[in-house]
Every structure is written in C-alpha cells, then in structure tokens.
Amino acid sequence: MSKQALRPNISGDNKSSGNRMILRWSWREIWQGQLWPVMAALTLIVACVVALSALAIRVEKVMTDQGRSMMAADLVFRSANPTPEFILQRAHDQNLVLSSQVRFQTMAFSDTGMQLVSVKSVESNYPLRGELLFNGADNQIHNQVKSGEVWIAERLLSLLELSIGDVIAIGDAELPISGVIESEPELAFNPFRTMPSVFIHQSDLDKTGAIQLGSRVQYRTLFKGEDSAISLLQSDYELQAGERWISEETQGRTADLMQKAKQYLSLTILMVILMASVTLVLTCQHYATSRANTVAMLKSMGASKQWLKRWLLSQVGLMFFTGVVAGSLIGLGLELLLRIPLAGILPENLPSYGWQPFAFGSVVALFIGLPALGIPLLRLLDTPAIAVLQSQMTAPSKKGLWLIAVPVVAFLFMYGNNSLVWMVSVGLVVLFVLLAGISYGLVHLFGRFKWGAAMTLALSRIKRSPKNSMMQLAALSGSLMLVAVIWLVRTDLLGDWQQTLPPDAPNVFAMNIAPYEQQEYLQKLDNENLDRSEGYPIVRGRLTEINGESTKEKMKGEGQGSEALRREINFTWRDALPVHNEVTAGEWRSSNGVSVEQDVANDLGIEIGDTLSFSVNSQSFSAVVNSIRIVDWQSMKPNFYFIFTPDVIAELPATWLVSFKIDDNENTLLNQLARDYPTVSLLDFRTMGGKIQAMLAQITWSLSVLAGLGVVSGVLLIFTLLRLSLYQRQREITLYRTLGASRQRISQTLWSEYGVMALAAGFVAVMGAEAIVFSLVKWGFKLEPTLHIGMWIVLPLLAMMIVFMSLVSVIKQLLKPLK
Amino acid sequence: MTVAIKVSSVGKSVLSNEAELTILKDISFEVQSGQSVAIVGTSGAGKSTLMTLLAGLDIPTSGDIKLLGQSLSQLDDEARAQIRSESIGFVFQSFLLIPSLTALENVTLPAILRGEGEDIAKAKQLLESVGLSGRETHLPSQLSGGEQQRVALARAFMTQPRILFADEPTGNLDQSTAEHIIELLFEMNQKHGTTLVLITHDPKLAQRCERTLTINAGQINEEVKGG
Numbered sequence: 029m030s031k032q033a034l035r036p037n038i039s040g041d042n043k044s045s046g047n048r049m050i051l052r053w054s055w056r057e058i059w060q061g062q063l064w065p066v067m068a069a070l071t072l073i074v075a076c077v078v079a080l081s082a083l084a085i086r087v088e089k090v091m092t093d094q095g096r097s098m099m100a101a102d103l104v105f106r107s108a109n110p111t112p113e114f115i116l117q118r119a120h121d122q123n124l125v126l127s128s129q130v131r132f133q134t135m136a137f138s139d140t141g142m143q144l145v146s147v148k149s150v151e152s153n154y155p156l157r158g159e160l161l162f163n164g165a166d167n168q169i170h171n172q173v174k175s176g177e178v179w180i181a182e183r184l185l186s187l188l189e190l191s192i193g194d195v196i197a198i199g200d201a202e203l204p205i206s207g208v209i210e211s212e213p214e215l216a217f218n219p220f221r222t223m224p225s226v227f228i229h230q231s232d233l234d235k236t237g238a239i240q241l242g243s244r245v246q247y248r249t250l251f252k253g254e255d256s257a258i259s260l261l262q263s264d265y266e267l268q269a270g271e272r273w274i275s276e277e278t279q280g281r282t283a284d285l286m287q288k289a290k291q292y293l294s295l296t297i298l299m300v301i302l303m304a305s306v307t308l309v310l311t312c313q314h315y316a317t318s319r320a321n322t323v324a325m326l327k328s329m330g331a332s333k334q335w336l337k338r339w340l341l342s343q344v345g346l347m348f349f350t351g352v353v354a355g356s357l358i359g360l361g362l363e364l365l366l367r368i369p370l371a372g373i374l375p376e377n378l379p380s381y382g383w384q385p386f387a388f389g390s391v392v393a394l395f396i397g398l399p400a401l402g403i404p405l406l407r408l409l410d411t412p413a414i415a416v417l418q419s420q421m422t423a424p425s426k427k428g429l430w431l432i433a434v435p436v437v438a439f440l441f442m443y444g445n446n447s448l449v450w451m452v453s454v455g456l457v458v459l460f461v462l463l464a465g466i467s468y469g470l471v472h473l474f475g476r477f478k479w480g481a482a483m484t485l486a487l488s489r490i491k492r493s494p495k496n497s498m499m500q501l502a503a504l505s506g507s508l509m510l511v512a513v514i515w516l517v518r519t520d521l522l523g524d525w526q527q528t529l530p531p532d533a534p535n536v537f538a539m540n541i542a543p544y545e546q547q548e549y550l551q552k553l554d555n556e557n558l559d560r561s562e563g564y565p566i567v568r569g570r571l572t573e574i575n576g577e578s579t580k581e582k583m584k585g586e587g588q589g590s591e592a593l594r595r596e597i598n599f600t601w602r603d604a605l606p607v608h609n610e611v612t613a614g615e616w617r618s619s620n621g622v623s624v625e626q627d628v629a630n631d632l633g634i635e636i637g638d639t640l641s642f643s644v645n646s647q648s649f650s651a652v653v654n655s656i657r658i659v660d661w662q663s664m665k666p667n668f669y670f671i672f673t674p675d676v677i678a679e680l681p682a683t684w685l686v687s688f689k690i691d692d693n694e695n696t697l698l699n700q701l702a703r704d705y706p707t708v709s710l711l712d713f714r715t716m717g718g719k720i721q722a723m724l725a726q727i728t729w730s731l732s733v734l735a736g737l738g739v740v741s742g743v744l745l746i747f748t749l750l751r752l753s754l755y756q757r758q759r760e761i762t763l764y765r766t767l768g769a770s771r772q773r774i775s776q777t778l779w780s781e782y783g784v785m786a787l788a789a790g791f792v793a794v795m796g797a798e799a800i801v802f803s804l805v806k807w808g809f810k811l812e813p814t815l816h817i818g819m820w821i822v823l824p825l826l827a828m829m830i831v832f833m834s835l836v837s838v839i840k841q842l843l844k845p846l847k
Numbered sequence: 044m045t046v047a048i049k050v051s052s053v054g055k056s057v058l059s060n061e062a063e064l065t066i067l068k069d070i071s072f073e074v075q076s077g078q079s080v081a082i083v084g085t086s087g088a089g090k091s092t093l094m095t096l097l098a099g100l101d102i103p104t105s106g107d108i109k110l111l112g113q114s115l116s117q118l119d120d121e122a123r124a125q126i127r128s129e130s131i132g133f134v135f136q137s138f139l140l141i142p143s144l145t146a147l148e149n150v151t152l153p154a155i156l157r158g159e160g161e162d163i164a165k166a167k168q169l170l171e172s173v174g175l176s177g178r179e180t181h182l183p184s185q186l187s188g189g190e191q192q193r194v195a196l197a198r199a200f201m202t203q204p205r206i207l208f209a210d211e212p213t214g215n216l217d218q219s220t221a222e223h224i225i226e227l228l229f230e231m232n233q234k235h236g237t238t239l240v241l242i243t244h245d246p247k248l249a250q251r252c253e254r255t256l257t258i259n260a261g262q263i264n265e266e267v268k269g270g
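In the order they appear, the protein sequences are chains A and B.
Going by my numbering, the first sequence wraps up at 847, each residue one higher than the last.
Going by my numbering, the second sequence wraps up at 270, each residue one higher than the last.
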C-alpha cells in the first residue's frame, strides 16, 4: 500500500526563504495569535522561578553569613585536646584561613577580690567572621587582641573594684587592663554558664598557667574559606570521642531558625512551580485544540509531516527562547522590587545570586513545557486532512504520554529526599481527587434548589460539560489551596518563632540574689514598672544516684544527661511547674517529687517512679520522679533540668534568680542596680537579644516577601486560567448575544456560573489547605498546628475577587455580537 | 484530452453509533482535464465525502480513484499529500486564511509548503488579478468576506494546480460578492487551464459549469446540458 513518493530537492535559497517566513509567522503567533496565553504562562513560570530563587539564594546567603558571624568563623573544630595536625594540614592545603582559640575558666584576682571568669585566648586575626568591639582606655574602639593585652567584661571592673589600666591577675599572669568588651561575636546563651568574659592573646596563654595536666580546657580552631573547601575539610576527617564540628547549621538557636526558613523557601518555590504548571498545561491544550483546523488545512494543501514538525518546532523553540529571556528579565525586575521592603535589613553589599536562578528558571520551563506542549502537539500532528471538510470524532490518543516522565523524574531527583515536599505532593493528589468530587457534588446540590434563570442556566452549563468544569474547578481550587498553604505555613512558622523570642522577652538576668535581699530586689524592679518573671530559688548540686546506682559510669557519655552529671547544675523548687514546660509523661505532685527534663531523662534512662539521689554541699537527699517535661532551651526563660517540690529542698540555702526586660536606654537603672546590690550578678543580653531579634526580623520579612510573591504569582496564574476559560466560551457567548440575549442576561449567567465555581473552589481549597498545613506544621516543622478561622472567609472571598477581576477584564469583548 | 480524475465503482461507508452507514454507493465517472464540474445535492447527500475522496484527503472503502493517472488507494498519507502540494488547489467555504499572515503571505503559503521560496512577485500578480493590489500587507481581519475569498482564490492558484477543488466557494458571501467571485473563479480557471471540481448549492454557479453531477442517496446522476 505505501508508496512513498520523493519530494523534490530544495535549493538552499528557497529553504532559507521558507524558514524566514516560518520564523516571521511564529513570531506573530506568539505576540498576536493563539500562542499568546501559552507564552504568558511560560514567561510567568520563568519570572517567578527566577525572582524567587534569586531572592532565596540571597536571603539564604545572608542568613548563613549572619549565623557564621555569630560563630566568628565559617566552621569551628572543638575538642578537649589540641586540634589534630591532620586537620590543620588539610586546612592549609585547602587555602583556608585559620585561627586558634583556647577557652578555660580560672580565677581573676585584684587586690580586693577574686572572681571566676571565662577566658578566651585568641590570635590576632580573631574573629574570622563577625565583629569584636573593645572600648579602650583612649575611648577608641579596638577590634583585635594584641600580645600583652587583656580585655574584660565591664561588670568585672565593679566586681573586682578595678579600673582600666589597673593590673588584673588572670591565673598566674598579671596584665594591665586594656579596656572593656563592648560586643563579641560568640555569645553563649545559657545565663547559668556565663561567667564574665576575658580576652587575652594566645602568646600570653602560658603565663596564666591554665594549661596543666588534667585542666579542663577547650581547644577550638576557627576556619574561613570557600564553601566547597569547608565541606571537604569536614568530610575528610572522622571525629573522635569528645570532638565536634560546629557550623551555622548546628549552632544554637539560629540553626533551627535557618533550617526551617530554608525548608520553607524550597517549599514555596515548588508550590509556585506546581501552580504555574497547571496553567501551562491548560493553555497548551487550548492552543493545540485551536490549531487543529489550521493543521488540517495545511495538510490539505499538501504540507508533509516533516514540514509540519518544522513549523511547530520553530514556534515552540522561538516561544521558549523568548519566554526564558522575557521571564528572566521580568524576574530580575521582580527581585529588585522585592528587595525594597527588605532594604533596612539586608546588608549593603548583597551577595550575588550568580547564574543559578536563570538556569533553574530555564530548566523548570523546559521540563514542564516538554510534556505540557509536547503531548498535545504530537497529537496535533495526527489531525487528519479530511478534518478540513468534515469534522472528525477521534478516539483519545495515548501518544506522547511518555513525556510526563520528564518532569516526574526531575521532581524525584530534586525533591526525592524532601519529606515536606512529599507531604504536599501526596496531599495534593489525594485532595484533588477527593475534593474535586466534593465540589462537583456541591454544584449538583446547588442544582437541587430553585434559582433565578441566570443561576439555573449557569448550573446546567456546569453539569453539561462535566469534564471541562471538573478540570477548571480542580485547577482553580488546587491553585487557591497552594496559595493558602504558602501563606499559612509562613504565618505559623513566624508565630512560633515570635513566641520563642517575642519582642517583649526578658533581656537581663539577675542571679545570686541573697534570700534576705530577694523581696527588696523584686520590689525595686516593680517600682520601676519593669516586666519581670517570678523569682526562682537556685540551689546548686549534683545528681549522684539513680535507683541506688551511682552515676559515675554514665558521666562518660556524650548526651545532655551525661553532661549534666559532670558538673554542678542548678536546681529549683516550685509549687507548680512553669507554664512554658510541656509535661510529656507523669503528673506533678505536691510532695517528695522531682520533675526531669526530657532529654536528660532519655539519656540517663530515667523513668516515672524512679528514685533519684542528689548531693548539695555534701548533703544528700532523694526524690521520686513524678513527671518528665520538654524544655525549650531556645526561649529566654529560666529553664531547669530538675524541678523539685518545695518539701524536698526549700530548706536548703539558696540564691534567687529573676529575669526582666529593660530598654536599650535604661543603662543608668542597670548600673544603679549593680551598685546597690554588688553581690547580684547581672547578665545583660540586650546586645545578643538584639542580634537575634534582628535576624528574626530579617527572616520574617524575607519569608513574608517570598510568601507574598508566591501568593501574587498564584493569583496571576488563576487569573490567566479564568480568562482562558472565558475566551474558550467566546463563540458560544457571542452567539447568544447575536441571537438576541440581553447583556444583562448573559452577564448574570456568567457571574452565576463563575461565581458558583469560585465559591465551591474557595471552600474546597480552604479545607485542603488546612489539611496540608496541619501535616506540614505537625510532622514537617514539628510545631503545634492551629486552625485558621480567618482563612475560611478570606479564601472564598479571594476566589470571588479573582473571578470578578477576570470577568471585568473580558466581558466587554465577550458581549460584542458576531460580525 | 486526458482524464484528470477517474472514479471506478467507488463506495464509502463509515461506522456511526456502532452501525455501518453507507454514504456513497458504487460511483463511477470521469473528469477530463480542463473541464468544470459541479457536484450538487441535498444536505447530507455525500457531496463533501465525495470531494474528500477525489482530493485524496481520504480513501474509499471500495473501488478506486485515479487522480492524474495515480491510483490513490495505493498511496499512503504522505504520498497523497505530495500530490496535493504539486497538483491540487483548494478553495474552502470558510476561506481558511491564516489570521496572523498578511494577504501576500497567505498567497505564498502553498509555495512554501512545497519547499519553494517566497515568490513575492508572483503572489502580487495573483492578488492583482483578483483585484486586491494595494492590500498585500493587510491581515484577514482587515478584509471583508469577499476580499478574503479572493485571497483564497489567489492562494489556490499560486502553485498552478492542475485540479482545483472548491467547497461551497460562495456559501458565506452575499449575492453580489458571490457573483464577482464566480466570475473570477472561471476567469482564472480558463486562464490557467485548470480542471475545476466544485460543490455548490448555488444554481447560477452550477449552471456555469460544463457538467453537473447530482448526488442522491449515495449515488450519482449526471444532468445533461443542452448546447
């Protein structure tokens, strides 16, 4: 049957003339023709991905830099022994900058007193990141420690009755005080472990006599350099017992903030991509359907399949290229705009985002575009020529379905390990199926009631084309759902962080308040109308036995519990547990009891009902474990491993602790308190608290801006979808108009139809969003989930508003009669 | 005189609602080169189906059609498309111009499909011959129905087809425009010596043709003309 005739050989000139014409044609199709909605969707994908990922890269770099500033380096090696030569050599090989540090506690002496201090012996190049600020005798600011210098915490001056320039003995070394510490990058956050700080130079370390056999000294080496070199250094060395790497991802409270913020960033980008993909798929299908007649006509005029492929490929190629260029430029512009609200927070010299966002945008557009365009276009090529004279009913083809594998494989590759993304994806699929059915059911339910003519027409139209209506409904509710998820997760994350470190969190801890001073001290704070905590009695002691067994063996472990065994820790007693400690097992009783912190209990194998023995000033006593609780060590509240019932230790000598909040300009008050109560230790966290607050503000803004962009892109995409749906109805609507239907009747019908769809989609979206956000917050971010009542009103309203805007923008065109 | 189209015992059936529907039954006729033939009949008689078979857009269920000496049943899709690009011209009822191409570019399209270059001079000449000189750069949306059909006519003659198929060429036009188009159609037909096969409801158009074939209940009758 097949006798393939040969086409004549085509000369080069003719071919290029023909190609030029095809290109011209393609260009016009993109800007004036049927390819415009596809082009718009593609450009939007690229723009959103470029803007989001550019901003995300910048924000991530800034957060990383912040975290590293607070570490004074890019990476720290910590050990009880000097840093192994292997690591130092490798670091030199990688061209990393090094700075060594030794930390220890020792006594500081003056003529009139002595004080336990925390000493940092550093090199001249310290810190490698962040800022060190000393205020010298000359009232000048100094940024490094030189040989022979000693810089001390300001309160040490009053504690030891010294002035700048006086000689202070640090261990065995006698050095003149060079000045006071204004701020230092590495700030410990546990008030109980903070002794007054002292900085000396590495060359003076030996003079102090602190490094002896058996002395408890901590060795740190700080590293700075390229990220790849830093990672290589870590992976090259196998840690021994007692050794640890510290990075911005593992360090303290900022690590948790950053980890969650980074997760949120990648999730937002993914959800925007998902929404844009839906729009692209629908616009591509619409385009292919609209081209069927043209393809049939071209085939009837003798166009070969080869020619048709060239024609389609040139359109797609040109569109893709233009979309990537236009989208990248718009994305850049968007990113610039987005930086405006962050201007006060981002540093002046912003890290460059490099080529990654553009590459990412192009790749995403390609991977989604391939199946979105490829599948309908492959099927378009099969349009029979006969269709030019007679419309054909063709069975749905499976051609090209394999192209779906492209984005699916890419998705698995990029996000295969990301549990949050899986939660969203699986949630979306399940919810789409369930909720599409529910929303369709809702529409049928509406249909049971008696409505006006316009509403009845609208409902019957939705029912008449179920597949179409379902797809539109699913796309609309899916997009709304993702928009809501982006916003709600941001709100929940920020809400949690604000709780941990609210702006009104206490920033001063007063410790070692003598029992006879306690009432007076608290009264003084109240007289100044300061926000303060309750007073906590503090008794220092050790845990010695668990159910009669000595804890000596367990001291050697690595966990929290073992660490707690190695030193004296702070006990307190209370009538009731603090509200900020969540009880996970047991129940607080009023006598002979002790409540244990969860990590310590897990580490030491402590259970409810166990008898624990303690020693305070060589006095022993026991208590029965009545409850286990979770302590949020990140919060600025007094927290304890062990809390006793009053009967157990209330009689023991105790000092008192209270925390309160003062403003930045209330130094006089603080100094007055220090003078009036010289034995009370005041720990001023305003600077560090300020730093954390600043970082939190930065992350809050960044997430809000990103979330805002995600929401705006989602809304734009939904808007595009709706307009497309309306244009598809154009012939039908203008036919009604030509047949004499009034503008009012048609308007009402359209408003009713799309209004019903928007309302149904809005409610379905909010149900889906609550479900997805619940699982993300609870199992992904490990926080307490909440219900978002406001969203139940806002989302349907948003849906209606978008419908309103879409209709308004096209209704004039739709109501013109046919020529 | 050579035979341009030879139809031998052609039948066409389709499956509709799981039942076989016979559209054309045992049709045989010949069209000589240069002749003009009108195919008339009531709605649903099978006129469009016959035209799709004659033009090689579809193949018959039974029988054979020879188009310019080549048996269409023995050719695949691509081969039939090639015959169309080399020898066939089309004029459609709904013009089917490409909206984003100018009048000139629409006319050059068939040549581009054949792999030839854009013959601007020839296209301009054709537009002039249909009375549209000066409208080369206009898009279809800027032309009236009649003007669009004239562009379609010019396009159909771009590749100097040996056979021109026209499906209700005046169906969407008012009477005065339709008459003008008919004049142009036959003028160009005579000028290029093309065989003309057209479907029409327009009795005036049918009368202008040398032969009229009437399709009724899937079978064909020829109306004999006096003179």
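Simulated from the structure, these hints should not be mistaken for lab results.
Model, not experiment: these values are computed from the prediction.
Heads up, a few of these hints could be off.
[What the hints assert, rightly or not] Taking lysine to aspartate or glutamate pairs in the DMTMM-like style, the calculated list, with each CA pair at most 25 Å apart, reads:
(1) A/Lys337 to B/Glu161
(2) A/Lys337 to B/Glu211
(3) B/Lys234 to B/Glu211
(4) A/Lys333 to B/Glu129
(5) A/Lys337 to B/Asp120
(6) A/Lys333 to B/Glu179
(7) A/Lys580 to A/Asp631
(8) A/Lys689 to A/Glu798
(9) A/Lys333 to B/Glu73
(10) A/Lys337 to B/Glu129
(11) A/Lys665 to B/Asp162
(12) A/Lys337 to B/Glu121
(13) A/Lys333 to B/Asp101
(14) A/Lys333 to B/Asp69
(15) A/Lys333 to B/Glu121
(16) A/Lys337 to B/Asp119
(17) A/Lys333 to B/Glu226
(18) A/Lys290 to A/Asp631
(19) A/Lys689 to A/Asp524
Hints and how they fare:
1. A/Lys337 to B/Glu161: 20 Å, holds
2. A/Lys337 to B/Glu211: 30 Å, violated
3. B/Lys234 to B/Glu211: 21 Å, holds
4. A/Lys333 to B/Glu129: 16 Å, holds
5. A/Lys337 to B/Asp120: Holds, because 15 Å separates the two Cα atoms, which is no more than 25 Å.
6. A/Lys333 to B/Glu179: 29 Å, violated
7. A/Lys580 to A/Asp631: Holds, at about 14 Å.
8. A/Lys689 to A/Glu798: Not satisfied, since the Cα-Cα distance of roughly 37 Å exceeds 25 Å.
9. A/Lys333 to B/Glu73: 31 Å, violated
10. A/Lys337 to B/Glu129: Given pair A/Lys337, B/Glu129 holds - Cα atoms ~20 Å apart, limit 25 Å.
11. A/Lys665 to B/Asp162: 85 Å, violated
12. A/Lys337 to B/Glu121: 13 Å, holds
13. A/Lys333 to B/Asp101: Between A/Lys333 and B/Asp101 the Cα gap is close to 16 Å, so the pair holds against 25 Å.
14. A/Lys333 to B/Asp69: Violated. A/Lys333 to B/Asp69 sits at ~32 Å, over the 25 Å cutoff.
15. A/Lys333 to B/Glu121: This hinted pair holds, its Cα atoms lying about 7 Å apart.
16. A/Lys337 to B/Asp119: 18 Å, holds
17. A/Lys333 to B/Glu226: Outside the cut-off at roughly 36 Å; violated.
18. A/Lys290 to A/Asp631: Violated, at roughly 30 Å.
19. A/Lys689 to A/Asp524: 20 Å, holds
Hint check: violations occur at hints 2, 6, 8, 9, 11, 14, 17 and 18; the rest are consistent with the structure.
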